[in-house]
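Q: Please model the complete structure; the sequences and the hints are all you need to start from.
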Amino acid sequence: MRIVEAIFLVFINPLFYKIALTAATPLIFASLGGVYSEITGVVNIALEGIMLLGAFTSVVFTWLTGNVWIGVLMAVVSGVALAWLHAWGSIKWAGNQVVLGTALILIAQGITGFLMEPIFGKPGQTDFVGKVEEIKIPGIAEIPFIGKVIGEISPFVYMAFAAVAFSWWLIYKTNLGLRMRSVGENPEAADTLGINVYGIRYFGVLMSGVWAGLAGAYLSVGEVGLFKELMSGGRGFIALAAMILGKYNPVGALLASLLFGASTAFANQMQSSSLIHVSDTVKPLFDMIPFILTIIVVAGFVGKSRPPKADGVPYEKGA
Amino acid sequence: MYAVEMVNIVKRFPGVLANDHVTLRVKKGSIHAIVGENGAGKSTLMNQLYGLYHPDEGEIFIDGKKVVIKGPRDAIKEGIGMVHQHFMLVDTLTVAENVVLGSEPKKGLNFDLKRARKEVMELSEKYGLTVDVDAKVEDISVGMQQRVEIIKTLYRGANIIILDEPTAVLTPQEVEELFAIMRKLKSDGKTILFISHKLHEVMEISDRVTVMRLGKVTGELETSQTNPKEIARYMVGRDVVLTVTKEFHEPKDTVFEVKNLVVKDNRGLVAVNDVSFEVKRGEIVGIAGVAGNGQTELVEAITGLRKIESGHMYFEGKDVTGFTPRQLREQGMAHIPEDRLKHGLIKEFEAYYNVILGGHYKTLFTNGPFLNHNKIFEYTKQLMEEFDVRPRRIEHLGGNFSGGNQQKLVVGREINTNPKFLVVAQPTRGLDVGAIEFIHKQILKMRERDVGILLISMELEEIFSLSDRILVMYEGEIMGEVRPEETTVEEVGMMMTGHRLEEARRG
Ligand SMILES: Nc1ncnc2c1ncn2[C@@H]1O[C@H](COP(=O)(O)OP(=O)(O)OP(=O)(O)O)[C@@H](O)[C@H]1O
Ligand SMILES: [Mg+2]
Chain A
401 MRIVEAIFLV FINPLFYKIA LTAATPLIFA SLGGVYSEIT GVVNIALEGI
451 MLLGAFTSVV FTWLTGNVWI GVLMAVVSGV ALAWLHAWGS IKWAGNQVVL
501 GTALILIAQG ITGFLMEPIF GKPGQTDFVG KVEEIKIPGI AEIPFIGKVI
551 GEISPFVYMA FAAVAFSWWL IYKTNLGLRM RSVGENPEAA DTLGINVYGI
601 RYFGVLMSGV WAGLAGAYLS VGEVGLFKEL MSGGRGFIAL AAMILGKYNP
651 VGALLASLLF GASTAFANQM QSSSLIHVSD TVKPLFDMIP FILTIIVVAG
701 FVGKSRPPKA DGVPYEKGA
Chain B
9 MYAVEMVNIV KRFPGVLAND HVTLRVKKGS IHAIVGENGA GKSTLMNQLY
59 GLYHPDEGEI FIDGKKVVIK GPRDAIKEGI GMVHQHFMLV DTLTVAENVV
109 LGSEPKKGLN FDLKRARKEV MELSEKYGLT VDVDAKVEDI SVGMQQRVEI
159 IKTLYRGANI IILDEPTAVL TPQEVEELFA IMRKLKSDGK TILFISHKLH
209 EVMEISDRVT VMRLGKVTGE LETSQTNPKE IARYMVGRDV VLTVTKEFHE
259 PKDTVFEVKN LVVKDNRGLV AVNDVSFEVK RGEIVGIAGV AGNGQTELVE
309 AITGLRKIES GHMYFEGKDV TGFTPRQLRE QGMAHIPEDR LKHGLIKEFE
359 AYYNVILGGH YKTLFTNGPF LNHNKIFEYT KQLMEEFDVR PRRIEHLGGN
409 FSGGNQQKLV VGREINTNPK FLVVAQPTRG LDVGAIEFIH KQILKMRERD
459 VGILLISMEL EEIFSLSDRI LVMYEGEIMG EVRPEETTVE EVGMMMTGHR
509 LEEARRG
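Chains as they are written, first to last, in the working numbering: chain A, 401 to 719; chain B, 9 to 515.
Don't take each hint at face value.
[To be verified] Covered stretches of chain B (chain A as the covering partner; in silico rule of three or more C-beta atoms under 8 Å from a C-beta of chain A): (1) 96-103; (2) 107-113; (3) 200-210.
I should point out that these hints are in silico values taken from the structure, not numbers from a laboratory. All C-beta atoms, glycine included, are put in the ideal place defined by N, C-alpha and C.
A: Written as structure tokens, this is what we have:
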């Protein structure tokens, strides 16, 4: 019964909700990236690599300029650059999108690992370079419970929610969004109506670079203020699972990301619960909870969540 | 005054001369039919008018003015609209969204759905093109999808409308509705290019006919001064039998039987309700019915593609309920599916892989665990010869054959498995008169070889001329069983709309 009590205590602790939100934030950004790319018909598993590169670039430029926001901006630029490679290979040259995505992840891991020595003089991990300050919103901070959750929190959390609202509007309420969806579903039909299939797909993929770059910036300068090798730690893939569970819809991806964030927070809080004794050797098992959840989600829901019909299929025009 | 002039158009594909100095002139405000055998180059010609392909040689004039059409955008600008042989709709979007896609009305930064809906409804009313503006395209009937396609062209202000085999997928009632719409469009001054293989349709609706054969124009006729026989002769280059006659043939013992079959459709609703029948060796059993009355689900269940809820299937007396398609094929079942692009062949595969599908593991095509390509090539050449598949090119990709030739590949493959029981669904959809004659003869030949045949068709003429017995399906149930020589088209028509045989007989 101690377990039940421990679980109960986790759920009434505002810290659990705060950690859930902050753990969800990079997933929200990255899964949005996935949505943009895949609804236009380009599978983008490179999110993991784009995040890693974004995390690295933002630390480098924060360190160079002393301004974290320049760091964040450069994370977006590097994300777009890597996404552009993906777009170029998979749209222009009709390459296999999964293979390309995998290659880009390896490239991102290679570049960031290699540049650690020449730039920071040591491998593994950088020193603290600066961090985006949490913002305190007067009025909210004083509310009991809720104040403890979002009263003082990273601005990235708010940005993530704003990004979801913006994306939902763009995808479902504008002409561009309608075209994006049509191109992912039936590019041939879109082409016969004079829609620039390649242009729209480029847009979708480049936007996925913007969002995944932001996700990366959050991991480094947003959360800890430093860069660690391989620090994206599989979150790009969890974001893909969130995108699928969220039925390729920004709001759905948000909710799914929150679920994954909550599972991370849950694992984290249970490990440090004083009611149950968790030995150090068992602790890593708790960290697997989000990944196990991913497997369940992907196995159980992939069939029900229908991807855009032309997702992953390169479009080639007639003669 | 010509609305469209295409002069000396030449278009080559690898190994194929699809258009060989084709000249087409279409008078403004007329309905101009284009007919020709499968693969004659009709769709290719139209695709060049719409900018999807580009002519290797030749010139195009619209309203007397020379134009170069680089893509659909240019074609739309010239007032050309096209309804493709295979619809170009986005399944997950609504009717209104599909119509305006690419030329969407705007309100500030937003997509103006209200105005889109309103404009679609106005066009729909003006031309009698009934559509449900808010329904998703995947949920509406084929007939309505076609009306959506026509509205799409009108919304873009098309004056020249190309209809590439619009009637191939329609029921007779829907064809009549389409013709009414076409007449209305014509009286509104629009020019219509109409492609069809059904000569009676061409006779009924068109003002002039251009006949194509092997990439060339072989004739241009005034509809009022010609007849189906003459058109068919220009098309095929010889006299064609428009309806085959079948000899008497005594059926043998039962080869296939279903008992109390119940099958559900994709939405989980009962689509086939307690259906029982048998097929004897050397007998053709026809299933008539308006599309969407459970025929598709019945065929899928029989061929092992769909789960059976209850009831049983027997092959030569053996219970084969729940067998996989491969197990059924090994019993001796063959299947010519209704949708050749979905279930019949693989567009990205060469002809030689397409014709061995399903039999690919047999020793005829293998060499130990490997495919024996020499044998496969040889086999494919023979099959293409025997079934007159054009172009006779074994490396041609499945998706690059014309519709009719895709069908011949599938028919050839299935017949060559030497089945004991053959399920044939819509075998002649989209085929030219010569090919229909050919396929009907093949089916009758199978009957003479004592194969049991289940024929599902929306073409009553086909059902009547081939079947020994006719079963009529309505809302998943069998309304009755009749013999073609003892019934009339009217009686079957009554049953197709939900009257049981006894009621239909009473009138
Ligand atoms: N993209 C392509 N690549 C290669 N060959 C092609 C391509 N499109 C058409 N062809 C070939 O060009 C010829 C003309 O084809 P087309 O589709 O125009 O015939 P069609 O008259 O419309 O026939 P159907 O009545 O069967 O639709 C055929 O031999 C076909 O195989
Ligand atoms: Mg055609």
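Q: Please go over all the hints and tell whether each is borne out by the structure.
A: Cross-check of the supplied hints:
1. 96-103: The restraint on the segment 96-103 of chain B holds, since 6 of its residues have a Cβ under 8 Å from chain A and three suffice.
2. 107-113: Holds: 4 residues of the segment 107-113 of chain B have a Cβ under 8 Å from chain A.
3. 200-210: Result for this restraint: violated, n = 0.
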